[in-house]
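Chains Z and D: place on chain G using the hints.
Here the protein sequences come in this chain order: G, Z and D. The first sequence begins at 0 in numbering that gives the first Met the number 0 and counts up one residue at a time. The second sequence begins at 0 in numbering that gives the first Met the number 0 and counts up one residue at a time. The third sequence begins at 0 in numbering that gives the first Met the number 0 and counts up one residue at a time.
Think of the hints as simulated: they come from the structure by calculation, not from any bench. There may be inaccurate statements among the hints.
Said to hold, decoys possible - Some but not every residue of chain Z turned toward chain D, in silico, with C-beta under 8 Å:
(1) Ile-92
(2) Ile-102
(3) Leu-123
(4) Asp-262
Unchecked claim - Once the Cα atoms are required to be at most 27 Å apart in a straight line, the calculated DSS-like pairs of lysine-lysine come out as:
(5) G:Lys-380 x G:Lys-397
(6) G:Lys-426 x G:Lys-380
(7) G:Lys-397 x G:Lys-440
(8) Z:Lys-261 x Z:Lys-159
(9) D:Lys-272 x D:Lys-241
(10) G:Lys-380 x Z:Lys-159
(11) Z:Lys-117 x D:Lys-241
(12) G:Lys-225 x G:Lys-213
(13) Z:Lys-159 x G:Lys-397
(14) Z:Lys-261 x D:Lys-241
(15) G:Lys-147 x G:Lys-131
(16) Z:Lys-261 x Z:Lys-117
Virtual Cβ for every residue (Gly too), placed ideally from N, Cα, C.
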Amino acid sequence: MPLLTVNNVSKRFGGIHALENCSFDVKEGEFLAVIGPNGAGKSTLFNCITGNYLPDSGEILFAGRSIVGLSPQQIAAIGVSRTFQNLNLFPELTVLQNVQIAMAPFRQSGFWRSFLTGGERVRRETEQEARKILERLGIEGLAEAQAKELSFGQQRLVELARALGLSPRILLLDEPASGLNDAEREALIQLLAELNKAGLTILMIEHDLASVMKLAHRVVVLEFGKVIAYGSPAEVRSNPRFVSAYLGNGIRVEVSPIRRTEERPLLKVSDLHTRRGTIHVLRGINLEIHRHELVAVIGPNGAGKSTLLGTLAGQFSPFQGRITYDGQEIQGMPPEQVHRLRMTLIPERRGMFPELTVEESLMLGAYTDVRFLRSLGRPPKEVVERCEMMYELFPRLKERRRQLSGTLSGGEQQMLAVARGLMSRPKLLLLDEPSLGLAEKVVEQLFTVFRQLANDELTILLVEQNVRAALQIADRLLFLERGQIQLETTPDQIDEQRIMEIYTSR
Amino acid sequence: MENVLQLIFSGLALGGIYAMIAIGFVTIFKVAGIINFAQGDFAMVAGVAMVFCLALDIPLWTAVLAAILASAIVGMLVHRAVLDRMRHQSATIQIILTIAVSIVLQSLSQLMVGSQPKSVPPFLAGEPIVWLNSAIPKQNLVIMGATVLLLILLYFFFEKSYIGSALRAVMMSREVSRLLGISARSIATTSFVIGAVVAGVAGAVIAPITLVSYDMGITLGLKGFVAAVFGGLVDVPGAVAGALILGLLESLGAGLISSAYKDAIAFVILILILLFRPHGLFGKHAHRV
Amino acid sequence: MKGLRIRKHVWGWTALFLVVMCLPLVTGTLWTQILLLVGLYAICTLGLSVLIGYAGLVSLAQAAFWGIGAYVSAFLAIRTGMSPILSVLISIGVASGVAFGLGWMTRNLEGHYLTLATLGAGMIIHIIFNEESWLTGGPSGMYGIPQLSVGAWVVDSDREMFYLVWILLFLLLWLTRNLVRSPWGQILQAMRDSQVAAASMGVDVSKYKVQAFMFSGALAALSGSLYAHYMTFVSPELFGFKQSIEFLLMAVIGGALAITGPIWGALLLTGLKEVLRIVLPLVGITSVGPVETLAFGILLVAAIMFLPGGLASVLPRRGIGRRRWNRHAVIDGQQRQ
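Looking at chain G on its own, in the form it has when it is part of the complex (with noise of 0.2 Å):
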């Protein structure tokens, strides 16, 4: 019997089915590894399982016992462990005692023993015991340290070693290596081979192909919520429908792509590093973007993509590096400024104003560029006539611009967040994958104004994860992984076995 049933278990939060009739097992002592791309509902089916989300329907049954219903304290008590994506530590405990937290009689101890006596006995019994987890993993060294004062891959190590406080049978693990440098990535992937061949159950959810190619049994591949391959990782690997989970669909572009070069770039980056929370995204990003070019990044999940855009649009400051946009250096500066000076961001998942109309919307794509007393009033005539002339880009938005944004199709709302964007006729536009969730038709519709864009005289710096697509429209690509630009091609100089073949490398 297997360790942990997961059967035909879906979730979904409003409109959007984040998780569809999955179903696989775990059997004791195996490793098991879940991935897909990002909103692939990874997440959501740990935290199914961990009893933090309650399932819509669906059965999920850990050693014969269905724990559906059951609270995320219950589920930790009966043997499953977890560490988190983001770091969930107790920073202002010790090392120490983060791991003891997890053990039995520490986190049971009662109120009037801890009163009258300061706990001692529990304390000391568990001490032993956690001294053990951490001389496994390597770090006894840090157990009086405060756990915030650690580094990142130490805390990561924090983390798992109060996991196994917990003496779990079963540990889930949330993108362990996110943020790791290569030699704690190559260190922890030993470890939990270690744990594994010890008999430690393992189901972990990672991005880095690689890590899972070398450590899993078998791996389940998750694409909007949907189960797409299960098997060995030869098996998925070979297999198709993974390929084109990652590299996204083929489209047509008819518009063939007027380059020119200039020499002087118009956004230049040098060694850019940010964190988001704990995490070390960013690690030295070094990159120019010229006048008129259609450049885009691509790269596998967690490599930082949108924090890169994040932080040239003026969303995340930057700890390190300089960005020169125009010859200015804006580096942490405020989105509104860096939107000022004609740097358009398009967000992920569109940014819409859902009881907004689309003319409305629209309109207030060009507000900075009206002063204060006259936004009193009624939209002066300039933005009315901005506002005709992106209807004639976009004619499906004309029809509908009285309707609501939060009704469209998001395809439409991915032209009307562009609409808006080039609204304040920006120089320079940084778009966050546009093409997230959207038919393959409309993919191409959206690409071709894109390319006819650039090719107008518009800088476009694109994040996609639809590979397959911005080949056909860029000019340059720059794969970025692990926090830096690894790669630097052109479509011509690289095809899409080449594409894989650095995905799940290394």
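This is chains Z and D only, laid out in the frame that chain G set:
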């Protein structure tokens, strides 16, 4: 047993007052991201200003306008001088700051008009109007009229003006608005001014009924806050709906069940909402941290 | 190494203790009374500090529990003539029961929602104090509360009360120090740092939340009942929102200095008020009440705005959790890093 219809009328008037406070809360919260514990005190400022003007023999309706203006100026000052500079601090510190501002406003008022409540003449003189067997004091009509007028003005402002759409956009998503360059700062001040003006109207129209005192803002603010939470802290219509329902419940509860525990009704509702529908009656997403 | 650390702490505490014990001998009646009150406030604030700093639960109902302690003990002592010591203990029990109810009701709430719920509960309890005259004497208050006594010995001098309060306070400080360093205390901190992670490691979060509330309520009731027996008169306006805010401020401001934080917070706040009360007439300001409050308010605003890094910079790494105050508002989703 009180006349139920009469209770409903006074409930609506009460709801109108709470609505005006609640609108300010929601607007400031969604636009500037601040929970403004001094909201009720903006209403008090208007009341105090009215007392001042009347003491200087300024005609009633001019005094009302002056009072609302005073409120607006105070609102703008509070944001520009104090809260705006602290916008990068944590929410708890901002809350403590608004509480401190509230303390300052109250003690300033106490110094200006003393500790005793002051009276203000009703806007329309005369006996209560009798309609459908209920006696409706004329001031209640003023309140209801002011509420309706205010809602109409706000509607046109938010729905028809360019800046109104910007405010609505910020209320829907501050993050995306920043990407469009919509400056957090002047928009936030605008929201404070709107909040103060609306609270000012509330303070002016309720003054003849409740008397003006330096601490009249405390309970008003708390009740308005409950009304806003009741409506989901999402948008203006939600706040209005929550406030009207709260006013009705309070009035009916006081008349039919127990007038002593009238104030407790609002807080019981608050707790019930937090326990069972933390996103209020109309809010959509629960704030999952 | 550990031995050395303990010794240094013990020295510090003993020194402080001795200083405090000598104070009534050197200061006049006025300051003895003031410091006595500081001690009482500190006991109440201690409970709140544990709740806020260690459990991460901001409560705006502390004054209500203070009131429960005062009224229950006073009521029992007057109506049933029972020994005040016994009535104090019963009032602690009652307050703990109410705190249990509050903690249980709010066990699924977090952050601001929890705080709002405590606000509501505190206000409701305050209204009950005002309305149920047969229990509390209503708005005009309750007179004739007997002073504390053990057998024939009545605590009727300020000095005696001072010693009683401060010895009790130091005892509680020491026990609480035990508590926060114990497994129970560490689990509380873990919950404060990340409720999700704590639950994922099997911690019964609700149980600890409720216990934290009960601890805080018990200390508040102890303080409140002692207050009642000392002042021999209480009225509802002492136990409202305003007072809860003051306790909150004492906990936050005092938090700067580890476990003895509540003492400093209570001292600063009460001391400030007294200083203003003395100084202002000297500067020619006669209507002291509002001016004192105004000055207090302005000072508070100034302190928050101009202290480098704000109040949070003054908060410690241990003691009252600094992370609590540095956490950015999660209102609309992301914030700038």
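Do the hints match the structure? See the list:
no.: 1; hint: Ile-92; result: holds (6 Å)
no.: 2; hint: Ile-102; result: holds (4 Å)
no.: 3; hint: Leu-123; result: violated (33 Å)
no.: 4; hint: Asp-262; result: holds (6 Å)
no.: 5; hint: G:Lys-380 x G:Lys-397; result: holds (17 Å)
no.: 6; hint: G:Lys-426 x G:Lys-380; result: holds (22 Å)
no.: 7; hint: G:Lys-397 x G:Lys-440; result: holds (20 Å)
no.: 8; hint: Z:Lys-261 x Z:Lys-159; result: violated (39 Å)
no.: 9; hint: D:Lys-272 x D:Lys-241; result: holds (15 Å)
no.: 10; hint: G:Lys-380 x Z:Lys-159; result: holds (15 Å)
no.: 11; hint: Z:Lys-117 x D:Lys-241; result: holds (23 Å)
no.: 12; hint: G:Lys-225 x G:Lys-213; result: holds (24 Å)
no.: 13; hint: Z:Lys-159 x G:Lys-397; result: holds (20 Å)
no.: 14; hint: Z:Lys-261 x D:Lys-241; result: holds (20 Å)
no.: 15; hint: G:Lys-147 x G:Lys-131; result: holds (21 Å)
no.: 16; hint: Z:Lys-261 x Z:Lys-117; result: holds (23 Å)
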